[in-house]
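4 protein chains.
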Amino acid sequence: MANYEFGAGIWMFQQFIDRYATDAYGPEVDTIKAIEKAAEVGDIRVLDINYPFAGDGVTVAEVREALKRTGIRAQAITPHLYMREFQLGSFTHPDPKIRQKAIDLGTKAIEIAHELDARYVKFWPGQDGFDYPFQVDYQRLWDNSVEGIRSVAQSDPSMQFAIEYKAKEPRSHMFFNSSARTLLAIEDMGVDNVGIVFDLGHSFFAKETPAEAVQLVARRGKLVSIELNDNWREWDDDMAVGTVHLIETLEFLAALRTIQWQGPLLLDQFPFRENSVEAARSSILTIRALERVLDRLDLNALAAAQGRHDALAAQRVVLDLLLGTGLVKDHD
Amino acid sequence: MANYEFGAGIWMFQQFIDRYATDAYGPEVDTIKAIEKAAEVGDIRVLDINYPFAGDGVTVAEVREALKRTGIRAQAITPHLYMREFQLGSFTHPDPKIRQKAIDLGTKAIEIAHELDARYVKFWPGQDGFDYPFQVDYQRLWDNSVEGIRSVAQSDPSMQFAIEYKAKEPRSHMFFNSSARTLLAIEDMGVDNVGIVFDLGHSFFAKETPAEAVQLVARRGKLVSIELNDNWREWDDDMAVGTVHLIETLEFLAALRTIQWQGPLLLDQFPFRENSVEAARSSILTIRALERVLDRLDLNALAAAQGRHDALAAQRVVLDLLLGTGLVKDHD
Amino acid sequence: MANYEFGAGIWMFQQFIDRYATDAYGPEVDTIKAIEKAAEVGDIRVLDINYPFAGDGVTVAEVREALKRTGIRAQAITPHLYMREFQLGSFTHPDPKIRQKAIDLGTKAIEIAHELDARYVKFWPGQDGFDYPFQVDYQRLWDNSVEGIRSVAQSDPSMQFAIEYKAKEPRSHMFFNSSARTLLAIEDMGVDNVGIVFDLGHSFFAKETPAEAVQLVARRGKLVSIELNDNWREWDDDMAVGTVHLIETLEFLAALRTIQWQGPLLLDQFPFRENSVEAARSSILTIRALERVLDRLDLNALAAAQGRHDALAAQRVVLDLLLGTGLVKDHD
Amino acid sequence: MANYEFGAGIWMFQQFIDRYATDAYGPEVDTIKAIEKAAEVGDIRVLDINYPFAGDGVTVAEVREALKRTGIRAQAITPHLYMREFQLGSFTHPDPKIRQKAIDLGTKAIEIAHELDARYVKFWPGQDGFDYPFQVDYQRLWDNSVEGIRSVAQSDPSMQFAIEYKAKEPRSHMFFNSSARTLLAIEDMGVDNVGIVFDLGHSFFAKETPAEAVQLVARRGKLVSIELNDNWREWDDDMAVGTVHLIETLEFLAALRTIQWQGPLLLDQFPFRENSVEAARSSILTIRALERVLDRLDLNALAAAQGRHDALAAQRVVLDLLLGTGLVKDHD
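Protein sequence lines, in the order shown, are assigned to chains P, R, L and W. For the record, in the first sequence the residue sitting at position 299 is 299 according to our numbering, with numbers rising by one throughout. For the record, in the second sequence the residue sitting at position 284 is 616 according to our numbering, with numbers rising by one throughout. For the record, in the third sequence the residue sitting at position 143 is 807 according to our numbering, with numbers rising by one throughout. For the record, in the fourth sequence the residue sitting at position 10 is 1006 according to our numbering, with numbers rising by one throughout.
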C-alpha cells in the first residue's frame, strides 16, 4: 500500500461564498484558524497556503507558529492572483502596471515560501483568459502568460514553481486549460523550475483521462504536485474524492503507482454545505480504501488484458475487486 | 418590427462576487442606486427586483419613489431564497422550519409585489436540489418542491407566480432544471397561477432548443416572462445577448413572433468585468438589430423550406439576411 | 436480492457498422443466429426483437421456433423506423406518404408482437428530429410525433406501446429526448397504452439523474421497460453496465427497488470490438454483484442521512459497501 | 478579400452509412463518380482522396484521368486506417502484425500521393485510442502512436504528413484528441515532415477556441492544412460551415488572415440527408460572404478594443458588421 502523506489546500477550511449566497455559506475563518481546522482532520500533514493570508494583520510569524504548533508543514504558497484588481487578468492583464503587480505578488510569494519552508509556489491565474469571442489577441495572451511566469521563475532559480490548469471559472475560458497546453507553454518559458500541479478534478473537468494525462506530465518531468477531489465533469465542483468517478479515481491512483509518485496527496475541496473537517476525512478514508483495493489488484491479469486491449477482461479484474464477491472470478 | 419594451433583472446593476474574487468585482450597490443605473441605460422600462432589498434599511417606500422618479415599473419581485440559511434548500430544506421560512418569504414577496404593482412573483429556488449521488430522497424532493410553491400560490390567487428553471449552480443539480420537468411539476401543483420565466440562457444551458422549448411552454399557457442573455452552453455565463449564439438567438426571436409574445424582454446578465449600463445597451442594440433582420425575413421561403425539412434552403434564407450581401440569393 | 430476469435487445448479437468502418466490425448475423447467440449467454430470458427481421426471407414462424427452441421469450418488437426511407423522419416525415408508411410499419409490428406473444411494441423514432437551426417547424414536429404514435396506439388498445427517448443520434436533435418531455408528449396523445422504455444509458446521456428520472416516470404510471448499459455521458456509447458510472448505476438499482420494479432488465449494448456474449455476461455479473451490494445496504442509515440531506454520511454508507473494508464504518 | 481556393474531402460526395440506417443514406458512389460530383460544385479545386479507392477495381490511372478531366488536383491522400481489421487500432493495435499493416498502408499512401501529385498524406487514426477505463496501457499507446507515424514519415522525407486530431468517434477516446496533445506527440516523433490538419469542427468538438488553437499550431510551424465545417460542439456533426457557430467561424477566418494562410480551404462535411453538391455550395457561399464581412472589419477599432480586453467594444465592432445596420455604430 502506498502510504501517502495527506495534505490540503487551506481554502477548504475557510469561508465559502458564491454569486448567489452573498452572505456566504458560513462564518469567516482566518489563516490561523484554518490551520487549526486542518489539524483537526488528524491526517493532514501539509498545506497549500494562500497569500495574502486571510484575516486582519495575520503575520508570517503567526502562521509559522501555527504550523509548528499543529505539526503541519507548508507545502506550497499560492498567491491570490484572482482578486478584484486582477479581474481582467494577472500576467495577461492589458495594463502593464497590473501585470507588474502580478509579478510582484509572485515574487512576494517566493519570499513567503522561503520563510515557511514551502516546497513550491503555485500559480493559478484564474482571471487570465477571456469571456467573449473577439475579446483578446490570443497570441499576446500566450506571450504575456509565458513571459509573466518566466519572469517570476527566473527571479529565483532555487524555488520550484507549478501551474495549476483549469478549463474555466472564473473566466469562461482560462488560459492554462489542459495538461498538454500547459506543457507547451512551459516549454516556451525555457526555464527548468516550472512544472504542473495536477488536480484530478480539473483533469476530469478538462475531459481528459486523468490516469493518462498524469503520466504524460510525469514522463516530461513536469509533475510537481497532486491534488484530489471529484466533480460531475462539467464544472469544478470540488467534491469529496471518489464520490462520482470511483473507477477512474481508482485508475488514477493506479497510475500514481506506475509513475512511482511518493506523495503527498493534497485535497482540493469546496465543501460549501458540508463540515470541512468531515469532508477531508471522508476523502482520506476513500483514498486509503482504494489503495487497499489496489493492493489486491492482480497486476498480471490486468497487464495481460491490456496487452490485448481487452476491455471486458480488464474491467472484470477491476469490478471484481470493487464488488468484492469473487463472483466475477468464478465465471472466468 | 416587434417593438418590445425592455427590462432587466436589477441584479445586473449591483455588485458581483464569486468564490475567487471574494473582494468582489466592484463596489456595493444598493437597490435605489441600482434602479438609477438601470435608468441610465435609457431603454429599461421594467425591473425584476430582489427582496429583501440591497442596502441597509432601504424601504418599500423608497423603492417605489425611485421607480416613480426614474419612470421604471416593477415587473417582478424575486425573493432571495438562496442565501446562507437556505443553503440546503428553500422549499425542499430538510428542516420543516426552514421550509416554512421559505414559504413566509414567498408570502412577504407577494406583499411587496402588491405594494410595488409588480406583475408576478418569481421563484428561483437555486439551493433546491442536491450535489452528491445518494444525498436525497428524490420523491420527497419533488413533493416538497411542489407543495411549497403550491402553498405560496394558493395564499394569493390574484397574484401570478413564475418559476425560473436552471440546470445547476449553485447546486450541482437543481430541482427545476428544464422546461419540460418544470411543466410537469406545475401540473402537480394543481393551481392556475404558476407559470414559467423562460430564460434564454438557461435554455441554452439545459441543452434545449430555445425556439422549440418556448413554444412548448407557451402552448400550455404557462409562459409568464422572457429573460435574455447568452452563454457558452455549459454554464450560466449570463453574457450579453447574441454574442455567442447569434443564429439561435435570431431563431428564438422568430419563435417569439410565432407565439405573438407582446413583451417585455428582460435582460439577465452578470457583467462581472464590464460596465453594466453598457452591457445592457449592447444587448438591446443587438436585439433591435435582430428584430430588423426578422422584419426582412422571407417567411414564405422559410416556411417552404421547413415544409420539406430542407436544412440548406432554410439556412440560406437566414444566412443571406445576416451576411447581408445578396450573394446567397443570386445563387438559388 | 431482487432476482431479476435478464433480457437484451437482439441487436447486441448482430452486426455493427458505423460511418468509418463501412466494412462493419464483424460478419452479418441474421435474426435466428442472433437468438442463438443470445441463448449462449445463459441468462438471457427475453429479447427485444427488431422488425423487419435481419436476414433474407426469415419468417415469423422461424423466429417463433428459434425462440421456443432456445427457451427465450419475445419481450418487445421494435420496428425499424430509422432506415434509409425514414432518414428525414418517420412519424414526422415532411411527406405524409412516408408518415403513413411509419404508421403502417407500426401496425405491422403490432401483428408481429401478437404472433410472438411480445409484451409491447417499442418506438424508437431515431430519425424524428432535426439537425440544423431553422430546419423545421417545431410545433408541427410535436404534433406529428404525437399524432403518429397515437394513431398506432389507438389501432390496438390491447397492445402496450413504449417510447424510448434519446437526446441525439442519428439526428443531432431527436424529438423524444428526455423523460420529462416524453411524458408531456404522451399526455398529449391522450391514450392509456403508451408508456416509456427507460434506458439507463440514455438517461445518463440526457444528463438526467437516472435514479430520479425513473421514479418520475414510474409515479406517473408510464414505466413499461428498463434497459441497462453505460456510457461516458456525452454519447450513447452502449457499453457494459457499471463500467463508468458504478455509483450511479448502484443508485439506479436502488431506485428500482424503491419503485418495486419486478423486471426484467434488458441489456442494450453495442459491443463493437468485444465478444457480444461475453459483453452480456459481464453486465449480468456486474448487476448481480451490485444487487448483492444492495442487499447489504443499511437502509436506515441511508434514510437517516437523506433525511438530513447529509451528503457525506450518505456517501459513506455507500462507499463502505463498495470498498468493502469496514474501514469507513470504524471511523464513524 | 482572401480569395481562397476551395477543396473538399472526397468522402462528402460518397455514400453515408451509420449504425442505424444500415441500408445507408443513399446509393454507393465510387471514387471516380465522387470526383465528378465534386466537380459539379463548381468551386472545388482540390480533393483529399481516400485510399484504397471506393469501387471495385478503380485504378490510380483512372483516378488521375478523372482529376485531369475535371480540372481538380489531389491535395492529400488519406489511407483507410479505420476499417474492420484496424478496429482495435492501427499504429497502436495490440498485435504487431496489424501495426505493421498500418505502416504498410501508410507507405502505400505515400506512393499514391506521389503518383497523384498530392501535397501531403493525412493520418486520421480513428481507431487508435480506447473505450473503457483500464482498457489500455497509456504509455504504450503514446509510444506506439509516435513510433508508427515516425516510421512512415522517416520512410520518405520528401513527403509531407499531417495528423488530423479528433476527440472521439469511432473510439470513445481517440489518441490524437486535441491540438496541444498532437503537437506534443509530433515533438516526440523528432521528424520535420509531420504536421497537423486543423479541422474547424474538430476544434469546436474538442472545446478549443479555434481562432486561438490554429495560431498555436501555426506559430510552431506545424499547420499543414485547414478543413472547415460546423457542429453542435458535442459531436463531429460535419455540418455546413457557419450554420451554428457563425461568430466563431468569422473569428476563425480572421485568425487565418492573421497567420496569412494562403489556402486552400477544404470542406469536411457529412451531408447525410442533404444533397452533397448543394451542401458544398452552401458552405462556400457562406465562407465567401464571411470574407466580405472581414473585408469591412475595422481592424483598428478591433485592435483597440482587444488592447483593453474590452469585450463589449470588440463585440460591437463584429455585430455591427453581421447585423449590417449601422445602428450599433451610431450609438457609440
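Keep in mind that a hint or two might mislead.
Sample of chain P residues lacking proximity to chain W, with all beta carbon distances greater than 10 Å (derived) [as the list claims (entries may be wrong)]:
id, residue
1, GLN15
2, PRO27
3, GLN315
4, VAL317
One-sided excerpt, in silico: chain L residues whose CB lies under 8 Å from chain W [to be verified]:
id, residue
5, PHE680
6, ILE681
7, ASP682
8, ASP795
9, ARG804
It is worth saying that the hints were derived from the structure and are not from the lab. Here a beta-carbon is modelled for each residue, glycine too, at the ideal position from N, C-alpha and C.
Outcome of the hint check:
Residue-level check passed: GLN15(P) sits 29 Å from the nearest beta carbon of chain W, beyond 10 Å. With 10 Å as the threshold on Cβ separation, the claim that PRO27(P) sits away from chain W holds: the shortest Cβ distance comes to roughly 35 Å. Listed as a non-interface residue, GLN315(P) fails to keep its Cβ farther than 10 Å from every Cβ of chain W; the least gap is roughly 6 Å. Remark: the non-interface label on VAL317(P) conflicts with the geometry, its nearest Cβ contact in chain W lying 7 Å away (cut-off 10 Å).
Annotation: interface hint on PHE680(L) holds; nearest CB of chain W at approximately 6 Å, less than 8 Å. For ILE681(L), the suggested interface contact is upheld, since its CB lies about 6 Å from the closest CB of chain W, less than 8 Å. The interface hint given for ASP682(L) holds, since its Cβ lies 5 Å from the closest Cβ of chain W, which is under the 8 Å cut-off. Interface hint at ASP795(L): satisfied, since its Cβ lies 7 Å from the closest Cβ of chain W, which is below the 8 Å cut-off.
Using the Cβ-Cβ criterion of 8 Å, the hint placing ARG804(L) at the interface with chain W is not satisfied: the shortest such distance is roughly 17 Å.
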